[in-house]
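K.L.:
These are the residues of each chain, in order.
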Amino acid sequence: MGVRALLAAALACLSVMARAQAIITSPAPDKVAVTVYRAPNASGTMDLEWLQGFAIVRETRRVSLPAGESELRFEGVAGGIIPQSAIIEGLGVVVEKNRGAKLLSPGTLLDSLLGRRVHLRRISKATGAVREQEAVVRASGDGVVLETAEGIEALRCTGLNETPLAQTEPAMLSAKPALSVRLRTAHPMAGNVILTYLSSGFDWRAHYVATLTPSGDKMALFAWLTLANGDETGFANAETMAVAGRVNRERAEVLAPEVRPISLSCWPSQRTHEIPLEEVVPAPPPPPPPAPAIMMSAERSEDIVVTGSSIIAQREALGDLKLYRIPIPVTVAARSQKQVALLDQPSARLGTLYRWRSSFANEQNEPVDAARILKMENRTDHGLGLPLPAGSLTLFAERNGRPFLLGEGSMTDRAVGETVEVVLEGSPGVKVAQRQVRRDGKEHEMEVVVTNDDAKPVHFEVRFADERKPLSSSEGLVRRDEAYWWTAMIPANGTRTLRIRYRVPD
Amino acid sequence: MRKLFLLCCGLSAAPLFAQSAIEPVLPTPSRTAQGDVAVTIYNENRALVQDRRELALPGGRSRQEFPDVSAQIRPETVTLTGNGIGIVEQNFDFDLLTPAALMQKAVGETVTLVRMNPASGAETRERARILAANGGVVMQIGDRIEVLRDDGLPTRVIFERVPAQLRARPTLSITLDAAHAGHQPVTLNYLTGGLGWSADYVALFDELNGRMDVQGWITLTNSSGTAFTNARTLLVAGAVNQVQRAYQVYGAYPPPPPPPPPPGGMIRAGTQTAGRERLGGFYLYPLPERTTIADKQTKQVSFLNVSGAPAARAYEYRNGWLGSADVAQSVSSVLRFSTERGGGLGDALPAGTMRVYQRDARGNPQFVGEQQIGHTPMGSSMSLATGESFDVKVRPLVVERTRLNTSPRWKTRMLYEVSNAGPAPVVVDVVQDGLWGDTRITDETIKAERLTADSARWHVPVPANGRAVVSATFDTRF
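Protein sequences appear in the order of chains A and B. Residues in the first sequence are numbered from 886 upward in steps of one, following my numbering. Residues in the second sequence are numbered from 2 upward in steps of one, following my numbering.
One chain only, chain B, in its complex shape (with noise of 0.2 Å):
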């Protein structure tokens, strides 16, 4: 089996290989160790990765070495299975090789010096024994006691071998019991970090129409260290808990802390259930093709195509506590729009982030805005604050502040200025945030709407080119 993949890949490859003194050591990135690999990758930079592997066994105990596992690996996790097969021990070397460890190995041994001569270039060989490694190397040659290059002169140091211990990179190797001897199938499962995905979506919005239309393409990173190869990929949308590691494996990088849970954008979440593979609450990404996962690279999948969906413009401006601007304020700019079957995007959106564009005078896309969303179930309703208006401003004025005689309670009465300069009628929610405690609105120009006891809102009307005011007075306890 071994030497017929050997046979083909050697068409690529044979150049390379034609006249071969020395066996190369560890595949070549072309011929990875790898067997049928399998990653389930989670958002949280993590994932869970199933790797077949053809092993030759003998009977009875022997060590095998798994090179070509992720170098985020995290080894406590390491599963082995097989036919017949039984662990002894598993280890994770990462004493690796260097010049300086090579050395250190050597204390005690006898190693060849070449040296140079440096007016004629003759070479004259010595055998020589490392007495200490400390600060500078110290050697005898026959009976003379020496320091390695004191004289500054160039001196080859060549050792016999490679100590078993040291290894070019981390190396998981699991000593087994196989109970016959053969090519056997063995699979290995770990998980690792390094590997993350999340979604982004571009949405083209009509404003003119109210429609727009949705792009999803799933993004997965490796910074694993590691490529996986020709791997069936599966995604997971959902946070799942993950145990603090205490250390770090040697030469791995911390992963990155995980964002922060996005802000969302969502105004009520969704019933429906897409329709799409589940497992123990989490939505399932599959892709459609295996793929290989090259080491710091960005992959993108497309999973969403929706033409046509509706989608709305609004405004909406949140007066943080009852006071005045010296300026008129930009209103936020939100999309809104749903998720639900038939009336919305019709699908389940795994968090990331959605990027907005509307077309130019000249029909050409232009970028209007992005925010995050977070998982999102079908049916939600959503509200996308993609940016700030231009055109559409408010400015709170605190037109008077009395304290009523009668009892210890003042009366605040507030003017909301909301301007438009655009050429077409907008509506504009206008939110007095910051009413805490039992403030009431004894009067006010348009009915407002209590969102929580909190904050009330107003759906302002504002004619093109125009402007309205609203008026309002709080009653309140400070």
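This is chain A alone, in the form it adopts within the complex (with noise of 0.2 Å):
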């Protein structure tokens, strides 16, 4: 061995004692920041179990680092986080950020033993006395097989109550997916580290409650925002926000994390009132089986956290998106969800109209419901005139002061000025009918009649989706958004008539 060898020895003698650095753990953020977005094309309830959204979360950490090159691991950081995502700030010198998902599990521990010394410890059924031996692990992937003093053996193929111990926990393997930089500072410091990152796992929703006024154009509309946390990371005291609209997301590739049972099979072992008569080749040793997902055994507890509604979410802009901030720190826990008031506009104006969708071809010899449509602008001197996030609805009457179901619909993000209509079911009291009265080889004569049994007059809209104008009718139409519309009040206990010729297409 010349001198040169001897130098390189010397030098990968240095780099391992380098890369035993210092490891500082931060266990949990200090403080937290979260915001939710919605998943895009979100409507309906959530599903708990399967939320669409995202959260960008943002924890302030106080850590002191010695001085050199030291290892900072996050601990408490959301189980959805997308690595790729974290920025982390007010550091030092960050040499590289890791995230290791090889889990500590029965088989990537075993894994990691590939090669090393076990003890083996067996019971004895009979005089329950303890042996324990040493044993090299020589193989671990499909079956473990196992070197002792005495020779070559298989674990768990005897019958015997036997079971490897490891001596020393690895160190590259973690409890969770854990996150960490590597970073080099001149002096030792103290102080605050903001982690930010992007996280799946979360949504909220935006979900209207209208009560109308006894005289029934107006409504107390007040809405809650409901947010969703299904991560297995609660987040206390959190500054808590909700953005929306619609924001562009990519797919993020993010290693699954990987964790494994030890695989125990054994050679063919059938005894011989077990043997069926037909096999004449051995079949393969099964596959490993598949790794359990590791949410399985976390533990549910879904609590609907209803806050007062004296708190409302605070609005401000945030570029092109709306951004709605709870006023006080409240606690996003793990697997839960959270609704707080997103706005409250006690006195808003509103319109009730009937729309029938159809054509001049159709046909609907019995009569049926009408959509029933509320109608609102989205201005201040409707009692309106802020953003309007996209939710359902339901709308609430009052009778003898107890509320009364009227309806439930859904709308999209409304901004100021733009109208907002939310179509409900049909009411049963305003019914429509259309029938073929008279037929003149390609001329055609339609009759459609709609009927109100209600004591007051309502708006009702027939729109034809047409694009030739009819040969006459009855009362006058309009030409709207490629359509004929035909615009009627109906009389109260009254009944309204329209007829309209027309030539079937060549």
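Do not take every clue at face value.
Listed next, with one range per pair, are the computed distances between beta-carbon atoms [unchecked claim]:
| no. | chain 1 | residue 1 | chain 2 | residue 2 | range |
| --- | --- | --- | --- | --- | --- |
| 1 | B | E66 | A | T930 | 54 to 64 Å |
| 2 | B | L405 | A | P1231 | 47 to 57 Å |
| 3 | A | T930 | B | R468 | 46 to 56 Å |
| 4 | A | R1069 | B | G309 | 22 to 32 Å |
| 5 | A | R1323 | B | L405 | 29 to 39 Å |
| 6 | B | R126 | A | E1138 | 46 to 56 Å |
Examples of chain A residues lying across from chain B (beta carbon under 7 Å, computed) [said to hold, decoys possible]:
| no. | residue |
| --- | --- |
| 7 | I941 |
| 8 | A1024 |
| 9 | L1045 |
| 10 | K1207 |
| 11 | L1208 |
| 12 | V1301 |
No lab work stands behind these hints: they were computed from the structure. Glycine is no exception: its CB is placed at the ideal position from the N, C-alpha and C atoms.
Put the complex together from the two separate chains, hints included.
P.N.:
Given below as structure tokens:
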């Protein structure tokens, strides 16, 4: 061995020493802010087991670091973290950010012991005597092969109570996917580090509760902001926000955590009464069972927390989006749903109308319910005039001081100045029928009859999705949005009839 | 050399090896068999590994094993070079050591049985010859034939040795011819799957001042099943053609399909050369220092840090055909910037995801959207669609569609209502697509720019909290 080789060996030694860097663990955030984003194309209620939105989590952690190179591990981050989105502020020179997904599990533990010494413990069923001996793990992939002083043996193919015991916890494996940074500081430092990352497994919805006034032309409009955390990590006393509007998302590849049970397949071990008659060739050993989902054993607590509506989320503009901030710190618990007031407009004007979508050739001999539509102008002089995030709406009236459900519908994001329409279920009192009353070659005549059993007149619209002009109509039709519209007031307890003549296209 | 290495490593691992009766047969994770490793990682889940190891070779022909190569090694790409060394043959063995394989290979051999008396716990030893291991194990003990554990009682089977061809992990072995005996360095090169990288960008956009700060991170992932210890790492930006593999090595997971070509957002490709190392048309990104790439690890290293680059928000709406929308549609909100020297980011950008953040009222950055970009030369104009605007909307309307009497052509009058509920005036690019054939615009309230034969664009200024209307008449064949 020459001088150069010696030098190289010494250098190798040094580099091995250098890798023995200080490991500092930050167990949990000291302060946390969570901003929840809706799932794209979100509608209806949230499936708490399958939340398609996401959140941005901003954690402030107090750490103290020694001078020189160290590894800082962040524990207690959300399980749905997208590691490549992590931003770390307030540190010195960050050499690299790492996230290991090889987790400590019976299978990976045994894998890490491949070629290493373990204790093999056997307990006699007859006497309870404990015997321990040294063994080296020779294979752990599909069944476990051990080498002992006596020879080669297979684990758990013996019918004995036996188990391998590791002597040290392998440093490469951790309980949860761990985010860490390797960094270098000139002097020891203590201070705040801010860790920001995206995490999947969150979502929120707006839900509007409208209560009609007795007159029927005004309502009290209240909305809940309902946010859900499907992650196993909760955030205590978090500054909590929700963002309305659509943001573009891309597919993010996140390495799935590797966890495995120990595979304990043996050699063919059928006994004489078990051997099937027709089997000639032994079947290959079964593949190791799939890794169980790590969430499986996680406890489910679906607390639904409704905080008092005296606190209303504060709205601010965030670029092209709307950000709603819950003004006090709240706890976003793991696997839970939380509601705060989103808006409260005590007196908003609304109109009700009935609409039926049809075409000239449509025939509907038996009268059917027409869709009931709530129409609001999102303007200040109508008691609104504020951004309305997409969500569902439940309409109530009051009867003898008790709420009475009138219907449910949904709406998309509506900006200030827009018209909001919410389609509810039809009401049984307003019906429409369309019949063919005359046919003369290619000229057909249709009759549309609308009836109203209410003691008040109602607005009614029929939309004929046709391109060609009718030959004649008993009432005026308006061309709008690629269709012909008939708009009519149906008198109280009355009927209106429309007759149209049109030519069937050649 | 090896002794010395052991000596210094022994400092940390000493208690483990103190009273060693059985020598561990494989290196422990802290003592990898890898030598001086250099890894070159390409984007599409592929890497070139160079591993310089010191081998103690006898003179002449010998079989050498190379543990700790990638579990997803492509054995057909392996080359080994060394001074005065000739390759005789190269094997990649994946006959794995399992209890079943151990028993199958023991057919015809003699093993030791240790039987346990269930009442007293007393052990008795016997020698048995394995006759067959089909379904169950049939063996001969003295002059009797017996099925192993047919009585259901505990019985240990002790084999004398592990057959040479059974291995704990797929193993590369090379038979080589050495000119002289002794320690010598050899270099092993191979391609492997399971390693890939892409870029991740963090853009903090200051809308008021029209500036943004961009940090770029290289994100590399290792799902190869093997750790690469203390490796020199080089990342190559660009696609290298790859021959499809016809088979999978046992135990290797099929690599994830390469991501579809990113949608881009590049308006115009740049022509400037970035101040980065280049080779064969590819940009190279060497990591500044050696690093250990653990298995199942995602690692990020910074490579770009630009502050105060000009950037602007713009709005685009595209109407796919001459049709109406029932309700007003949100326009897409795009971030425009350049990668040129001087007025832009001043670098080439390897493919990846750009995440855009803006500060909220309290000054904390909030996420406002992301988009993938492709490999972007320096000097390119970029337009990233980060999301949709809540306040700026367009409602396209077909007002009138009539057949012209004189010719078999149609006249379509369109109206585009652009509304802005925001407190600042905006300009919206309204694009009418689907103008295929010889469509002419006969009348319009703002002059359109014909982008392509299929599409026309209007720049529509919209006042704060106001609306604007564009009307246009199209003369179409259908």
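K.L.:
Each of the hints needs a verdict: does it hold here or not?
P.N.:
Hint check results:
1. Under the hint 54 to 64 Å, the C-beta atoms of E66 (chain B) and T930 (chain A), about 59 Å apart, fit the expected range.
2. The beta-carbon spacing between L405 (chain B) and P1231 (chain A), approximately 56 Å, falls within the hinted interval of 47 to 57 Å.
3. Remark: the range hint 46 to 56 Å for T930 (chain A) to R468 (chain B) is contradicted by a beta-carbon distance near 34 Å.
4. The beta-carbon spacing between R1069 (chain A) and G309 (chain B), approximately 26 Å, falls within the hinted interval of 22 to 32 Å.
5. Hint check: R1323 (chain A) to L405 (chain B), Cβ distance near 33 Å, so the stated range 29 to 39 Å holds.
6. The beta-carbon spacing between R126 (chain B) and E1138 (chain A), approximately 55 Å, falls within the hinted interval of 46 to 56 Å.
7. Interface hint at I941 (chain A): satisfied, since its Cβ lies 5 Å from the closest Cβ of chain B, which is below the 7 Å cut-off.
8. Given the 7 Å rule on beta carbons, the hint for A1024 (chain A) holds: about 4 Å separates it from the nearest Cβ of chain B.
9. Annotation: L1045 (chain A) was flagged as interfacial toward chain B, and the flag holds, the nearest CB pair being 5 Å apart, inside 7 Å.
10. Restraint check, K1207 (chain A) versus chain B: the minimum CB separation of about 5 Å is within 7 Å; hint holds.
11. Evaluation of the L1208 (chain A) hint against chain B yields a held restraint, the C-beta minimum of about 6 Å falling below 7 Å.
12. Given hint, V1301 (chain A) at the interface with chain B, holds; its Cβ is 4 Å from that chain's nearest Cβ, closer than 7 Å.
Against the hints set out earlier in the document, a violation occurs for number 3 only.
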